[in-house]
Amino acid sequence: MNAKTKEKIAFAALWLCGAAVTLPVLLIIGYIVWRGLPAISIEFLTQPPKMGLLKGGIFPAIAGTVLLVGLAVAVALPLGVCCAIYLNEYARDNAFTRIVRLSIVNLAGVPSIVFGLFGLGLFVIFFKFGASIIAGSLTLAFLILPVVITASEEALQAVPAGFREAALALGATKLQTIVKIVLPNALPGMLTGAILGISRAAGETAPILFTAAAFYLPRLPKSIFDQVMALPYHLYIIATQAPEVKDVTKYGTALTLILLVFSLNFAAIVARNKLRKSRKW
4 MNAKTKEKIA
14 FAALWLCGAA
24 VTLPVLLIIG
34 YIVWRGLPAI
44 SIEFLTQPPK
54 MGLLKGGIFP
64 AIAGTVLLVG
74 LAVAVALPLG
84 VCCAIYLNEY
94 ARDNAFTRIV
104 RLSIVNLAGV
114 PSIVFGLFGL
124 GLFVIFFKFG
134 ASIIAGSLTL
144 AFLILPVVIT
154 ASEEALQAVP
164 AGFREAALAL
174 GATKLQTIVK
184 IVLPNALPGM
194 LTGAILGISR
204 AAGETAPILF
214 TAAAFYLPRL
224 PKSIFDQVMA
234 LPYHLYIIAT
244 QAPEVKDVTK
254 YGTALTLILL
264 VFSLNFAAIV
274 ARNKLRKSRK
284 W
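In short: position in the sequence shown from 1, add 3, done, that's the working numbering.
Source of the hints: derived by calculation from the structure; they are not laboratory data. Just so we're clear, the structure is a prediction, and the values are computed from it rather than from any experiment. Watch out, some of these pointers could steer you wrong.
As the list claims (entries may be wrong) - In silico DSS-like pairs for lysine-lysine, Cα to Cα no more than 30 Å straight-line:
(1) Lys53 / Lys249
(2) Lys277 / Lys183
(3) Lys177 / Lys280
(4) Lys58 / Lys253
Stated by the list, open to error - Computed Cβ-Cβ distance ranges for the label pairs, DEER-style:
(5) Gly165 / Val36: 34 to 42 Å
(6) Leu82 / Ile128: 21 to 29 Å
(7) Ile116 / Arg38: 26 to 34 Å
(8) Arg38 / Ile128: 36 to 44 Å
(9) Ala111 / Lys131: 28 to 36 Å
In this text, a Cβ means the ideal position worked out from N, Cα and C, and glycines have one as well.
With the hints as constraints, model all of the structure from the sequences given.
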């Protein structure tokens, strides 16, 4: 067997592996679109639920999801970036930093239900926030923090060391070098962490189950200390606890959640690509 034949076999095997991963996802999304698209309408997307979820729309759940995810990313992104800057730019490679990095990796594998219990004990009970938007958002922020830290640190490591050396040689301080040179060039990669965080936070049910989500709340919250409806929890309720709700409504809610996650990710990807185009290297 010659080298070209081996190469064709390898490419065919890789293509089959890619198809094996992609095809089930496309089938699932296609099935949800087929079953849920008839439910999508202006009323469904802009009206509150009525008659105990049997009528009306899911607008409070959409707004609640956007609020929870937006606040979670707003908290997790600065914390994750600061932690990544410390680990990559200031901390020495010693036993302590290795333990910190190992802890971050292990934290990313903790089940979301554990984060939910953590948020319940710390934010709901200890800080007395109660079941509220702020408690749910902070819980989700801790959930996505390991992803943000890891992506931000990788983005910082990708900035050439020569940039730092040139700035220091011109008389800039280390802080000025980080703020003016390193961070602007690492920002597109950091947004990758934000995108991954958005994807995970928007679809989580367990953390908000204990900290923020309401079963039936046909109005918008008035403050961050109010409970709120959220699409993942709403979908769980109508799929498991409300058999009288029509299937088309359940699939329509699932489709709305998918479209919302895609929309948030698309906005972040567009912003990341614009930053990448403005980069000089």
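We went through each hint and held it up to the structure:
Taken as a hint, the Lys53 and Lys249 pair is honoured in the structure, with Cα atoms around 14 Å apart against an allowance of 30 Å. With a CA separation close to 18 Å, the supplied pair Lys277 and Lys183 stays within the 30 Å bound. Between the alpha carbons of Lys177 and Lys280 the distance comes to roughly 26 Å, so the proposed pair stays at or under 30 Å and holds. For the suggested pair Lys58 and Lys253, the alpha carbons sit about 12 Å apart, so the restraint of at most 30 Å is met.
Range check, Gly165 to Val36: about 48 Å between beta-carbon atoms, so the 34 to 42 Å window is missed. For the pair Leu82 and Ile128, the supplied restraint of 21 to 29 Å holds, since their beta-carbon distance comes to about 22 Å. Checked against the given bound of 26 to 34 Å, the beta carbons of Ile116 and Arg38, roughly 28 Å apart, stay inside it. Checked against the hint of 36 to 44 Å, the C-beta distance between Arg38 and Ile128 comes to roughly 40 Å, which is consistent with it.
Range check, Ala111 to Lys131: about 29 Å between beta-carbon atoms, so the 28 to 36 Å window is met.
The structure shown violates just one earlier hint, number 5.
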